[in-house]
Every structure is written in C-alpha cells, then in structure tokens.
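**Student:** Hey, can you work out the whole structure from these sequences and the hints?
Residue strings, one per chain:
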Amino acid sequence: DAMVIQNPRYQVTQFGKPVTLSCSQTLNHNVMYWYQQKSSQAPKLLFHYYDKDFNNEADTPDNFQSRRPNTSFCFLDIRSPGLGDAAMYLCATRDPQGARFRQPQHFGDGTRLSIL
Amino acid sequence: GNSVTQMEGPVTLSEEAFLTINCTYTATGYPSLFWYVQYPGEGLQLLLKATKADDKGSNKGFEATYRKETTSFHLEKGSVQVSDSAVYFCALHPSGGSNYKLTFGKGTLLTVNP
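If you read the sequences in order, they're chains A and B. Going by this note's numbering, 12 is the number at position 12 of the first sequence; the sequence numbering is gapless. Going by this note's numbering, 51 is the number at position 51 of the second sequence; the sequence numbering is gapless.
The set of hints was computed from the structure by calculation and includes no laboratory data. Just so you know, not all the hints are guaranteed correct.
[Unchecked claim] Only pairs whose alpha carbons sit at most 30 Å apart, straight line, appear in this in silico DSSO-like list of lysine-lysine:
1. B:K56 / A:K44
2. A:K38 / B:K77
3. B:K56 / A:K52
4. B:K68 / A:K52
5. A:K52 / B:K77
6. A:K44 / B:K68
7. B:K60 / A:K44
8. B:K101 / A:K52
**Tutor:** This is the structure in structure tokens:
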C-alpha cells in the first residue's frame, strides 16, 4: 500500500543533542507537514512544504528546522532539544491538486521522542 | 478564523452502546470535514470525510453528516466495540485561499468496556 513512513518509531536523545526525524512517502503528494503532538492533545502544525516552498508557522520555535531534498522525503531537525520537546512527531502528506483538492491529509505512525 | 469545537471527553461506554460525539465548526464557505481516529501509540487515521453539505461519510459502522445549517458534523455509531477505544478528532480543511492547513478539535477520548 502507498503510505507515509516515519523512522524511527521511538527516538531517545540527550538534552541539547541534535536529533533528526525522517519521513518518506510513496503517495507522490506535493504537500508534506510536520506536527508536534503532546499527551493526546490535537496535533500542532510546525511547518509544511508545498513542493519545495517552505512555510513556517509563526509560533514554531527556531530550534525546529526542516529539509525536503525531494518529493518523497522530509526531515525534521531539532537543533538543541529541551525537555519540553518530548512529544510525538507526526508527518502527513496531502495532494491538493485539481479535482482532488478536497482530499484529506494522510498521516504516518509518528515518532515518539524522549529527552534524557 | 476557522475553528472546530468537539465534545469534551473522556467518554466511557459499554460494548454495544450507541455513540455520539458532537462536533461543530466555524468557517467561511464550504470546508471539507473529517473525522480522524488515533489508537494508542499510533498516528492519525482518516475515519471518514464529507466535502459538501448533506454529504454523509461512513466507515467501519461510523457515520457523520455534513450539516451546513447547524455547522455540525457529529460522529455516530450504533454499537461500539472494545476495539473502538481511541481518541477521535474532528477536523476541517478550508475551501479556498491557502487551503493547506487542517484545523482540529481538541479530541475526544473514547473508552469502551466489555
């Protein structure tokens, strides 16, 4: 099945040590999103890419960066993780083109990040 | 701006009980409406969707009808199972402009007991 794949499922890092989370998709969707989710709260959008155009949410901390080297892959970099960054990180994709403009977002299973 | 208000949980039901989770929205035009489900430790899965007024989305025994007049999209299931225990999120995508952003409700935790 076409899908959104996040690796790893669980990531442990040390306070202040940079960490990278990855997301890949086989859906060939133009738009990719990164969300942060804490304690069964609603996911909070960090940023998204429309093709190669990067769009940061106004309240996303500078500590969070992203890269999208091609259509299939997107990375979330946390430069200096703090204890408050422990959360589930969700990647999602969407194809907003043409007749499919009302299509939903497709989510991966997430990466749960722990900070020691 | 856009917003989604859904029934606060947690909701606890016995197996085979009837489920309703209320969801109302505020948005201009005709947004697309979705219900997502999140099982423990997993990502969000699309449960059902509706893209225009009076559309009924359905999946796995769950249903929701897009009611423009009441700006609602309530989730219902006639007979819940233990396996339905999860967090349910109501969400909308705006219909125009920069329609990239999904607006979520706060989520409703459902626990079904045998």
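**Student:** Now look at each hint and say whether the structure bears it out.
**Tutor:** Evaluation of the provided hints:
no.	hint	verdict
1	B:K56 / A:K44	holds (27 Å)
2	A:K38 / B:K77	holds (27 Å)
3	B:K56 / A:K52	violated (35 Å)
4	B:K68 / A:K52	violated (36 Å)
5	A:K52 / B:K77	violated (41 Å)
6	A:K44 / B:K68	holds (26 Å)
7	B:K60 / A:K44	holds (27 Å)
8	B:K101 / A:K52	holds (17 Å)
Hint violations for this structure: numbers 3, 4 and 5, all remaining hints satisfied.
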